[in-house]
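**Student:** Please construct the entire structure, taking both the sequences and the accompanying hints into account.
Number of protein chains: 2
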Amino acid sequence: MTTLYYVPVDEFDRVLALDIPIERRCALFAALCRINTLYMIMRAGSGHIGTSFSSLDLMCWIFLNELGYQRPREAHHNDIFFSSKGHDVPAKYSALLGLRLLDFDLIHKLRRLGGLPGHPDISIPHMYTNTGSLGMGISKARGMALARRLQGQPGRILVLTGDGELQEGQFWESLQPTANQGLHEITVVVDHNKLQSDTWVARVSDLGALERKIQAFGWYVERCDGHDFTALQRTFAQLNQITDRPKLLIADTIKGKGVSFMEHTAMPPGDDRLYPYHSGAPDDATYARAAEELIIGANRLLSEMGQPALTLEAVQQPARSSGNHLQRLVAAYADALVKAAEHNPKLVALDADLARDTGLIPFEARFPERFFECGIAEQDMVSQAGGMALQGLLPVVHSFACFLSTRPNEQIYNNATELTKIIYVGSLAGLIPGGPGHSHQSVRDISALGAIPNLLLIEPSCEQEVALALDFCINRTAESCYLRLVSVPCAIPFSLPDDYELEYGRGIELTPGEDALLFSYGPVMLAQAVYAARQLAEEGIGLKVINLPWLNRVDLEWLQATLAGYRQVFTLDNHYINGGQGQFLASHIAQLKLADPPRVHQFGLQDIPVCGTNDEVLRAHRLDAQSLSEQIASVLAERKTR
Amino acid sequence: MTTLYYVPVDEFDRVLALDIPIERRCALFAALCRINTLYMIMRAGSGHIGTSFSSLDLMCWIFLNELGYQRPREAHHNDIFFSSKGHDVPAKYSALLGLRLLDFDLIHKLRRLGGLPGHPDISIPHMYTNTGSLGMGISKARGMALARRLQGQPGRILVLTGDGELQEGQFWESLQPTANQGLHEITVVVDHNKLQSDTWVARVSDLGALERKIQAFGWYVERCDGHDFTALQRTFAQLNQITDRPKLLIADTIKGKGVSFMEHTAMPPGDDRLYPYHSGAPDDATYARAAEELIIGANRLLSEMGQPALTLEAVQQPARSSGNHLQRLVAAYADALVKAAEHNPKLVALDADLARDTGLIPFEARFPERFFECGIAEQDMVSQAGGMALQGLLPVVHSFACFLSTRPNEQIYNNATELTKIIYVGSLAGLIPGGPGHSHQSVRDISALGAIPNLLLIEPSCEQEVALALDFCINRTAESCYLRLVSVPCAIPFSLPDDYELEYGRGIELTPGEDALLFSYGPVMLAQAVYAARQLAEEGIGLKVINLPWLNRVDLEWLQATLAGYRQVFTLDNHYINGGQGQFLASHIAQLKLADPPRVHQFGLQDIPVCGTNDEVLRAHRLDAQSLSEQIASVLAERKTR
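Chains as they are written, first to last, in this note's numbering: chain C, 281 to 922; chain V, 281 to 922.
What the hints contain is simulated information worked out from the structure, not anything from laboratory work. Fair warning: there could be bad hints in the mix.
Copies of the same chain are indistinguishable here, so a pair counts whether it falls within one copy or spans any two.
Listed below are the simulated SDA-like cross-link pairs for lysine to any residue, each with C-alpha atoms no more than 25 Å apart in a straight line [as the list claims (entries may be wrong)]:
hint	residue 1	residue 2
1	Lys701	Pro301
2	Lys701	Gln433
3	Lys701	Arg833
4	Lys626	Leu430
5	Lys619	Leu554
6	Lys873	Glu783
7	Lys701	His406
8	Lys626	Ser403
9	Lys701	Arg429
10	Lys389	Asp904
11	Lys824	Glu794
12	Lys619	Arg608
13	Lys619	Glu781
14	Lys619	Ile641
15	Lys619	Thr523
16	Lys626	Asp751
17	Lys873	Leu843
18	Lys701	Pro405
19	Lys619	Phe647
20	Lys626	Ile641
21	Lys824	Pro777
22	Lys701	Leu430
23	Lys873	Ile826
24	Lys701	Glu783
25	Lys626	Gly432
26	Lys701	Gln350
27	Lys619	Arg429
28	Lys389	Val768
Just so we're clear, the structure is a prediction, and the values are computed from it rather than from any experiment.
**Tutor:** Structural data, given as structure tokens:
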């Protein structure tokens, strides 16, 4: 058990009611928000502390003063404010909760079903657009501004961006037209905390002469300390006077601001360690130290104003499970990649600022000259890989599946038309983790990439199969490959034989069963399928579960033999049903010449994924073992057969 | 009949052998290349004259001097030169042919099967990367340069880009890292002809302070007249001395340079007509005038050098067919959109520099304030549409299907998660026209977009259905829609009833037949299917052809009823089989509870589309009526049934 603390809403009321200068009220309000932001992330077990803290003072300034919410009746209801980076949303929630602009009970429901999504979603009040994939903010704002002009509606649009985000091409694509159109309604605030996901922006992909660059695109640019409310007051006053062009404020901030040991400035410049508080909840002891520091700091501010200390609420949080015996596919991949690279000097690895999350830290350490950090610039990374392949290298290209399959989609196809060999590795694939929300839940990548000729899609089900799949991609096929990796650690109720080998287009039985057949892939869905099979076995129903790691290939001879005797076949996708493996398989089953063709039932996503804990999300989409076994039993109960 | 003229290769030999100053040799060589470029485009019936002519002098300078091919033995074989824009490839071919670096007989085979593809493809010698979709050039070059450094290989990399191309985000995304890495091997030459596909770059999406912008990204920048060989000599000498950073030359050029009335400078500045020679072959009379001017010019240069006039070869080209009674879906769409906009004041149209090709000229003329020209910036356009929809407008977003479905793929999904309504219209969809090559043949868009929830995909089969489909998208559904439009004018051997209405998820019979059923969509494949049905009818085989315009939706009740009695079902996609309508349908057929399920055979693309005339391309992929009827007859001949 750990005790978590949060500031109740009436304490925010107290701060807002104080007759003190704006900058002091903001500082106090932000101090309270930091306590609650940390609480929400701890309670959720995940979230982005570093960027929430770096942007909190900016958010508070904007809400209280630019949007006028320190006196709600005076608020500028025509103004729009949103964050383009989106992973700072716990900070925004804490401000909205403190201003009573959201039901305060939601403070306990970050990343929970029916609660507050892990990235902004317009289903929540005061969220004006869905963000979480980077670089779209100015484009969205321009569309809003043009629509408002056309409809004669007034109002400013304030967009918060990250600095790593400025590596995205779309940011630059959107700058010049916004200036050409003189859209002075738009003010962009760059939360320039100097660190991106993995480490220093300057190390990942330096932004160069940022002010000069943005000025050259025709914008009015200011720069100030993003934690100095006096400077923010002065600078925003200046920005608000410019009425002939769009405006951008480079706000120098500190990642993790407010907790001494989380502040990036605690890392000496040139330190090449990874910044440890980008994403994820801290451990209990770290939380306790951080919370204590935040509470002491807030009380000091109150005391300086002659105010009594905070009255806090406390919540007991159960200890998190230790995670023994979990399959960690990304870690297994990390090992396998280093081993493969030892045998293949042509192998190079490319990353888009997710080296930690895609398993590239060991590779970078072992082969620094063969590691290419491309920054948050997926299109550039993929075309660069194309150039490398044309010059004889074997590029292995990494990002989260949601981004890799979509942002450089045309670039991947262009590479494919050159018939070179490139391996794409998309991690964080599938419906869970359910916390980050739909921008990060990659449930459309099989569809987005599956039709590309000469591109083989494989998803391994366990650590053992990861190594085999990578070996297959590198050594056993001439095709380019997309390796789809689940990132969430999984307990799996099955194992593969020690002498298991991948056979092209073929699968392997995980559970025996005579009554029905189920095809699936990957640890998440196969675990649910095997649990469902156990449940059904107790009811006297035999479900044969097959692990078929090939997502867009199948051996028709094997398929025909496997189907023999089965009248009911199920497919289970960690993906939308449309364009998933199940649809691919069903269409091939329909092609076969079978004496008695089975009926094929497809499980998978049909709607945009909900946000919540992993269990909540699987259940909500009826993809958990219990829901699956019920649905399968119900189909088999019909048994009038087809 | 028209007489077309070309310069035989020995005339190029003559020019290269002349002992004259470099700049004069280049001018003469380029003059000959222009005649042949025009010949190739006339012979092909399509191609890009304007940009081929604006870049020709640059290309000739680079080939003869930078790459040293005026004396082939002295050529810098380690150097790489490619064009990122790619549609100037006729110019590059003409130079390669004149230098005997390609089999000269290929001069007659631009855009023909087995000939020279409509955009660069590495299957052709001296083509180093596939281009045709814009903005990838510097990224590709950087990958090549890094691969060469890693492998200890020397050599420069020269990349030619367009200026409209600089609107693409990937261009800017690639600039800073290239400078950060000090990749001085890379020299980029911008063919700054001031016009993009439709009209003036400055009108479409002004580039702003181009030199200052690129310098701010850390590049060395020079600027000179791209038709002045003395200036090119001086400027390249300067560029080649810079060895600490990448270099970019802004070459001021004239679109259509060399033919007085094709030069963009013949349009007075501020002229708001569209530039008429961006793409497509001119009519016969225009060709004759242009060729005469080019030949006179070349002979004048020769005469100045005391040389006899050119000996030309002549070829008779049959008159092109008049194109009566063709279905022109884009024109029908253009009319329907204006009518719809008259009834719906919220409707706005967005374009990415293809207003002419996507049917937006009448809309822009009628509703200038509701027309948004976004330039070649598809990601920005789509997110902007998202912002507009959030503010209450109904955005209709246009580009070629190949670009719209892929470049802003993540942005379309992001919009879809907001549950707003947006209509995307992708023209140039499908396998033909076969001339532009695989970068433009959109045969992956159904797959790339089909899994997006709340996004309905529709492809109309004729002008009549275009209007109905647009009406459905606007007035009869709450979902966002992707309207897939074939651009090539088609003769169609079928018609729809006068009182035809679209029924959600349902199709309509075009030919009767008892022996087999075929589902397809769109004018291209339905025409082939109906011709195949007629052929089969002569052999006593009845093929029922159904037009099913819904690409990712089907009414299961209708499907079940339609299938009754058929043992053999065919699907026919103007798309890869993977992820196409056929796969979608087959997977739904496999779901149905049928007494006697049919076997489903899928026709569609399995390989990267070839380049050629429309007939060549359909036949090469066995998707023409003759091939289809043979394959269907062969399946039915088995008739042992399934």
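**Student:** Could you run down the list of hints and mark each one as holding or not?
**Tutor:** To see whether the hints hold, each was checked on the structure:
Taking CA atoms no more than 25 Å apart as the test, lysine 701 paired with proline 301 passes in neither setting, with 63 Å inside one copy and 45 Å between copies. With identical chains, the CA atoms of lysine 701 and glutamine 433 are at most 25 Å apart between copies only, with a shortest distance of 20 Å across copies and 52 Å within one. In this homomeric assembly, lysine 701 and arginine 833 come within 25 Å of each other (Cα to Cα) only inside a single copy, at 18 Å, whereas the closest approach across copies is 35 Å. For a Cα distance limit of 25 Å, the shortest separation of lysine 626 from leucine 430 across copies, 9 Å, qualifies, whereas the shortest one inside one copy, 55 Å, does not.
In this homomeric assembly, lysine 619 and leucine 554 come within 25 Å of each other (Cα to Cα) only inside a single copy, at 23 Å, whereas the closest approach across copies is 58 Å. When the C-alpha separation of lysine 873 and glutamate 783 is checked against a cutoff of 25 Å, the pair qualifies only within one copy, where the shortest distance is 23 Å, while the shortest distance between copies is 32 Å. When the C-alpha separation of lysine 701 and histidine 406 is checked against a cutoff of 25 Å, the pair qualifies only between copies, where the shortest distance is 20 Å, while the shortest distance within a copy is 46 Å. Within a single copy, lysine 626 and serine 403 get their C-alpha atoms only as close as 48 Å, which misses the 25 Å cut-off; across copies the closest is 23 Å, which meets it.
Taking the shortest alpha-carbon separations for lysine 701 and arginine 429, only the inter-copy value of 20 Å comes in at or below 25 Å, while the best intra-copy value is 49 Å. In this assembly of identical chains, lysine 389 and aspartate 904 lie within 25 Å of each other by CA distance solely inside one copy; the values are 21 Å within and 58 Å between copies. For the homomeric pair lysine 824 and glutamate 794, the shortest alpha-carbon distance inside one copy (7 Å) is at most 25 Å, but the shortest distance between copies (39 Å) is not. Taking the shortest alpha-carbon separations for lysine 619 and arginine 608, only the intra-copy value of 17 Å comes in at or below 25 Å, while the best inter-copy value is 57 Å.
In this homomeric assembly, lysine 619 and glutamate 781 come within 25 Å of each other (Cα to Cα) only inside a single copy, at 18 Å, whereas the closest approach across copies is 61 Å. In this assembly of identical chains, the alpha carbons of lysine 619 and isoleucine 641 lie at most 25 Å apart only when taken from the same copy (14 Å versus 58 Å across copies). In this homomeric assembly, lysine 619 and threonine 523 never come within 25 Å of each other (Cα to Cα): the closest approach is 59 Å inside a single copy and 37 Å across copies. For a Cα distance limit of 25 Å, the shortest separation of lysine 626 from aspartate 751 inside one copy, 15 Å, qualifies, whereas the shortest one across copies, 54 Å, does not.
For the identical chains of this complex, lysine 873 and leucine 843 are neighbours both inside a copy (11 Å) and across copies (17 Å), given an alpha-carbon limit of 25 Å. Only between protomers do lysine 701 and proline 405 lie at most 25 Å apart by alpha-carbon distance; the minimum there is 20 Å, versus 47 Å within a single protomer. When the C-alpha separation of lysine 619 and phenylalanine 647 is checked against a cutoff of 25 Å, the pair qualifies only within one copy, where the shortest distance is 11 Å, while the shortest distance between copies is 62 Å. Taking the closest pair of Cα atoms, lysine 626 and isoleucine 641 come within 25 Å of each other only inside a single copy of the chain (19 Å); across copies the shortest separation is 51 Å, beyond that limit.
Taking identical chains as interchangeable, the C-alpha atoms of lysine 824 and proline 777 lie at most 25 Å apart only when both belong to the same chain, with a minimum of 17 Å there against 50 Å between chains. When the C-alpha separation of lysine 701 and leucine 430 is checked against a cutoff of 25 Å, the pair qualifies only between copies, where the shortest distance is 18 Å, while the shortest distance within a copy is 49 Å. Proximity of lysine 873 to isoleucine 826 under the C-alpha cut-off of 25 Å is found in both arrangements, the shortest distances being 21 Å within a copy and 23 Å between copies. With identical chains, the CA atoms of lysine 701 and glutamate 783 are at most 25 Å apart within one copy only, with a shortest distance of 20 Å there and 44 Å across copies.
In this homomeric assembly, lysine 626 and glycine 432 come within 25 Å of each other (Cα to Cα) only across copies, at 13 Å, whereas the closest approach inside a single copy is 59 Å. Taking the shortest alpha-carbon separations for lysine 701 and glutamine 350, neither the intra-copy value of 58 Å nor the inter-copy value of 35 Å comes in at or below 25 Å. In the homo-oligomer, the alpha carbons of lysine 619 and arginine 429 lie at most 25 Å apart only across protomers (23 Å), although the nearest pairing inside one protomer, at 58 Å, exceeds that limit. Taking identical chains as interchangeable, the C-alpha atoms of lysine 389 and valine 768 lie at most 25 Å apart only when both belong to the same chain, with a minimum of 21 Å there against 54 Å between chains.
Checked against the numbered hints above, the structure violates hints 1, 15, 26; every other hint is satisfied.
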